[in-house]
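A.B. asks: Residues per chain, in single letters:
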Amino acid sequence: MNAFLSSINYNAWIVPVLLLLPAIGAVGLWAHALLTAKDPAEKRWREVRVLAFSFFVVEAILSLGLWWSLDPAAAGWQAMVDLPWIPQWGVRFAVGLDGIAMVLVLLTTLMMPLAVLGSWTSIRTKPHAYYANLLILTVGMLGVFCALDLVLFYVMWEIMLVPMYLIIGVWGGERRLYAAIKFFIYTMIGSLLMLVAILYLGAEASRVGGAPNFSYDFILNNVHLDPTTTLWLFGAFALAFAVKVPMFPFHTWLPDAHVEAPTAGSVILAAIMLKMGTFGFIRFALPLFPGAAMNPSVRTLIVALAVIGIVYGALVAMVQPDFKKLVAYSSVSHLGFVMLGVFALTTESMQGALIVNVSHGVSTGALFLLIGMIYERRHTRMIEDYGGIAKVVPIFATLLTIVSLSSIGLPGTNGFIGEFLVLVGSYKTQPVAAVISATVVIIAAVYLLWAVQRIIYQKLAKPENESMQDLNWREIGLLVPLVAAIFWIGIYPKPLLEKTEPAARRLVTYVESAAGKAPVTASNQAR
Amino acid sequence: MNPAMIPEGAHPLASTIARFVWLLPLLPLLGFLINGTLAMLGVAKVGPADPSAGHGHAEEHGHGAAHGHDDHGHATRHKFAPIVSLVGPGVLVATFLLASGIFFAMRGVEMEHPYIQTLFAWMPVGDLQLNATLLLDPLSMVMIMVITGVGMLIHVFSVGYMQDDPGYPRYFAYLNLFVFFMLMLVLGGSYPLLFVGWEGVGLCSYLLIGFWFSDKANADAGKKAFIVNRIGDFGFLVAMFLMFANLGTLDVQGVAAKAAELPMGGVIATAIALFLFLGCTGKSAQIPLYVWLPDAMAGPTPVSALIHAATMVTAGVYLVARASGIFSMAPVAQLTVATVGALTAFFAATIGLKQWDIKKVLAYSTVSQLGYMFVGVGVGAYTAGIFHLVTHAFFKALLFLGSGSVIFAMHAAYHATHNHDDAQDMRNMGGLKKHMPVTFYLMWIATLAIAGIPLFSGFFSKDEILSSVFARAHHSTLAESSLLGIPGGTLLLVIYGLGLATALMTAIYMTRMMLYTFHGPNRTGAAEEPHLKEAPWVMTGPLVVLGALAAFGGWLNVPALLGAIGPVGGLEHWLEPVVGEATLRTTLGEPAHLSHSVELMLVSTAIIIAVVGIAFAVWRLKPAALVPKKDAPEATGFDRVLENKYYVDEGYDAAIVQPTVNVSRAVLWKGFDAGIIDGLFVNGSALLARAFGWMGSQLQTGQLGTYAWVLLIGVITLLGAFTFR
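From first to last, the protein sequence lines stand for chains L and V.
Heads up, the final residue of the first sequence is numbered 528 in this note's numbering, and it's a clean run with no missing numbers.
Heads up, the final residue of the second sequence is numbered 1348 in this note's numbering, and it's a clean run with no missing numbers.
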């Protein structure tokens, strides 16, 4: 595989191609919309979904090579491409990957086709715009994971907002507009401060290097700031990321956005977009400002918010009558685990955080897909409208049970590996936080098993549920890869752990050593 | 020398059949996969390509899949029943044969060190280089023989008991999966892998308790079991954090080696041991987490026999023995284990005195006997605890399966006459001995065994626990230590007293159960009585085997006092390489010793108590005076308190469950989330929100598609601009 990939010079072109292909796809859909304007609507939406799906499949297949072509242990960026973009401002089109980013890129490219399949029959209004939005969204998400220039990163970060805003606002549920606007404003306010901080860093870089420069590596190695400034800049970045994670108390946009978004929107939000926040902390906030991030008060605050989020999210999830909202609050809890793992700063907890990132994407993505499937049949998300449906839809019931168990971290599934590593690693530096967070193994079982019981078990009391159809082959087929991932990561996570271990270890060592000396000093240990 | 350092191939077992130890869990897993597939094929009907299009004609096949689980009356056999009956018990027979082969191989070698088999690297992260390893030693061997032996018998019994159930393949799929996880639990070479089995058996317990899930009570019971167990699992998790942070390893062998270097009675060893024990109180139904086990009787009766009596619930006892290296370094934790065990044994026995449901009597009896086992392993008499675990597996599995036979017969009788009365209430039974003589005699054997009548299995194991407690009250680390200000020696004597009182009550409630079920006049009903008959051979066969084991199982570990009747201390020698060191540590380096006369006194006390209990019950209880459940008056006074199990469930509900739910809903969600964050801060910026709302409404009423396209074109142009620069 490696020989083949290097023979086609894969690493040299793959990242720009992955970013460009969905954009071309969007143009293609536009062209299709213009060309078929006179066709019957029925024919158009059937065609356009196939067209969009093919783009996502090609994208996924192309990206798979990254698994083999990247050397996770290598010290520098890989598959790097660095081109001038806006020379007068020193802004460059610089992209590249390490093990951490690669795993998230693959998560994105592999989840997208499944998300499209998940809304295969439910999106019939304005199908061209819908799928074009998904494609542009993909550009933004991949761009965030690959960007090595702070301005490029910011642009990609903001690009994501628009399509998601539209997806929720146009194709969403009854309160879609409220949810879309709330999502937009929340994230926008957070990221505006980050833009200021990025510009400040650019100005500093310009002072040090003599020319404007937003390069991640340059700023990491050459820009040294006094502790107070570091604290402010860290705060600006951290706010943007905390909203995205979302960390308590900046989470209230999430339940609304999740509930109102169409299935694909919820899946993408949970599986990929929330990971932007934690990725931001890992890639930017921690290594750029280790002094601030490891400042005892700051660290205690963030760990405390993470723990509150873990417990609070789980408790609030427990009392939700709406299954989609329940899963949304459970995301607050799961992402709290990621934040705890990152800020506990041990190799084990960091690796656990990265696994939770991926497995939350898989499990929660699958949960939203499953909710979408019964919503399409019964047009309700309320738990009380179901009950006893295991008898009429046994395939659905079986898959819902498996996915729920993975979400509550049953050993043998992905959920356990991530949570266990986070907790066992965090205990070394944050024992109190780890023990409090561990109580969520109880609450998680309460909220999900209770919901599962009320949906698929008990008496089949509602007559309108008696004629429910079980999952069809498309739905089964799109869930199978996710179930496979649940067991793969749960039973044999070694291949995945190996991909991120060197980068995680480097990050931990770098932040520890850099934070040890104040003010922040340069170190090449990171890369 | 660190045993973990011995290379896998160098172990004497490596050249024997024991190298196939990985097949032990794999076989039941295969059974699960096959039966699970058959279960799905039996009920699944893949939906149409477009789920949102019409629901019209679903009615006719919608019901094809909807078998009635709530009605036991369906006499239609499942279409895959023949294959399932072959595969389900078949894999257990194969596993048992392999286990026996390994057992005899182990007898032939010197088991100084455990046989460790590394399967693959599991979680290689940082300092935590965790492998998936199986650990085979005399202790896991004992457990494997119980699990596969008793498990096999119960699988065979189930073929008869569950024959007409529409969920037949699903039942065997779950049962096979349970055996897989149970074997992982006892073979796990590291605490996290043991934890995989630990939670896995909990999952199967959940699925099997809620097997007839259409009934809310059953689904509730399953969920309750899982959640209460998870409270315990929290303790297990914290214990693992403590091990990793303080001992640097999670490997069973490594932890034992490092624990020996800890200071005796130190904080770390005590904390690890206590948190592990919290896990045990969940899984093995001890105070304060015992409440799930009586409810778990909602599952099919063979499940109660296998999971909720013979195997899973004893996992906590196994864990204490497995972690004996830690527990023996923490006398305070040991005293806690023994005290909780003794209190649970006593408390559960009092409830058992007044239950009417035959399975509830056995459930509380199980809680009580588990308490006994914890007294054993708690005082560092690991062999005694494991010995009682084994004999209890025999006689309690027999009692449960026997009660299953009774319920089976009662069901059939009620079904024949279309009566919907309670088939498990003893007030509706009576006089069954003439209808089901095989069950009757076998259950009496088990009753004598659990009551502690000499030469039956339970007598030996119970006596050994009690005399171990007595011996350690004078000369042990426990006697030198104290719990909550009570000197260890005094505490152990109190525990011994509680043990005797429990033994007395055990004899009483078991005799009561037998009298009310099998003796006196029949109360089932005149129309029903002719339909009562003995179960088929596929069910009574396993009972006969268990009857023999319940009667003669005591030969496994005969005390020196009765050396005339069999090999002395067989099990003790067998387990010596595993728990010997820890046992000696508690008894201060020399084997616990009691003078001949003291030992004789203890044995005779135990015998007198058992005989008195049975005699008292026969004297006081008059089966002839009972009336059927529907005519029975409400209990009053303390009887009522006992019948309602001291209202503990209600107390937990009022003190913990309801407040948590209410606070989460009213304060956290409605108050904080929706009220303060959203109401005050987010929507409170009302002007801003309204401005955006206005913009939004413009978007909605205007041509939104146009807006979308404008934005998209902008974004694409931007992307193109920098890409092709």
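Keep in mind that a hint or two might mislead.
As the list claims (entries may be wrong) - Think about it this way: if two alpha-carbon atoms lie no more than 27 angstroms apart in a straight line, the pair counts; the simulated DSS-like pairs of lysine-lysine are: (1) V:Lys977 to V:Lys881; (2) V:Lys1057 to L:Lys429; (3) V:Lys1057 to L:Lys460; (4) V:Lys1156 to V:Lys1268; (5) L:Lys463 to V:Lys1056; (6) V:Lys702 to L:Lys460.
Unchecked claim - Cβ-Cβ distance ranges computed for the label pairs, FRET-style: (7) V:Val1264 to L:Val433: 33 to 43 angstroms; (8) L:Asp72 to V:Ile640: 35 to 45 angstroms; (9) L:Val197 to V:Gly1298: 38 to 48 angstroms; (10) L:Val433 to V:Pro705: 56 to 66 angstroms; (11) V:Val1280 to L:Glu48: 46 to 56 angstroms; (12) V:Leu649 to L:Leu52: 40 to 50 angstroms.
Stated by the list, open to error - Computed footprint of chain V on chain L, listed as stretches where at least three residues anywhere in the stretch have a Cβ under 8 angstroms from a Cβ of chain V: (13) 396-406; (14) 479-490.
The set of hints was computed from the structure by calculation and includes no laboratory data.
As the structure is a prediction and not an experimental result, all values here were calculated from the model.
The beta carbon of each residue, even a glycine, is placed where N, CA and C say it ideally should be.
A.B. asks: Mind checking the alpha carbons of lysine 1057 of chain V and lysine 460 of chain L for me, to see if they're no more than 27 angstroms apart?
C.D. replies: Measuring from Cα to Cα gives roughly 39 angstroms; hence the hint is violated.
A.B. asks: For the range 56 to 66 angstroms, tell me whether the beta carbons of valine 433 of chain L and proline 705 of chain V fit it or not.
C.D. replies: holds, 58 angstroms
A.B. asks: Are lysine 702 of chain V and lysine 460 of chain L close enough, with their CA atoms no more than 27 angstroms apart?
C.D. replies: Within the cut-off at roughly 25 angstroms; holds.
A.B. asks: State whether the coverage of the segment 479-490 of chain L by chain V holds or is violated, taking the criterion as 3 or more residues with Cβ-Cβ distances under 8 angstroms.
C.D. replies: Violated: only 0 residues of the segment 479-490 of chain L have a Cβ under 8 angstroms from chain V.
A.B. asks: Count the residues of the segment 396-406 of chain L with a beta-carbon closer than 8 angstroms to any beta-carbon of chain V: does the count reach three?
C.D. replies: holds (count 3)
A.B. asks: Can the suggested window of 38 to 48 angstroms be confirmed for the beta-carbon pair valine 197 of chain L and glycine 1298 of chain V?
C.D. replies: violated, 32 angstroms
A.B. asks: Are leucine 649 of chain V and leucine 52 of chain L spaced within 40 to 50 angstroms by their CB atoms?
C.D. replies: Since the Cβ atoms of leucine 649 of chain V and leucine 52 of chain L sit about 46 angstroms apart, the hinted range of 40 to 50 angstroms holds.
A.B. asks: At the C-beta level, are valine 1264 of chain V and valine 433 of chain L separated by a distance inside 33 to 43 angstroms?
C.D. replies: holds, 40 angstroms
A.B. asks: Between the beta carbons of valine 1280 of chain V and glutamate 48 of chain L, is the distance compatible with 46 to 56 angstroms?
C.D. replies: About 54 angstroms separates the Cβ atoms of valine 1280 of chain V and glutamate 48 of chain L, which means 46 to 56 angstroms holds.
A.B. asks: With a cut-off of 27 angstroms on the C-alpha distance, tell me whether lysine 1057 of chain V and lysine 429 of chain L pass.
C.D. replies: violated, 66 angstroms
A.B. asks: Within 27 angstroms, alpha carbon to alpha carbon, are lysine 1156 of chain V and lysine 1268 of chain V?
C.D. replies: Violated, because 33 angstroms separates the two Cα atoms, which is more than 27 angstroms.
A.B. asks: Is it true that the C-beta distance of aspartate 72 of chain L to isoleucine 640 of chain V lies inside 35 to 45 angstroms, as the hint says?
C.D. replies: Distance hint for aspartate 72 of chain L, isoleucine 640 of chain V holds at roughly 44 angstroms.
Hint compliance for this structure: hints 1, 2, 3, 4, 5, 9 and 14 are not met, and every other hint is.
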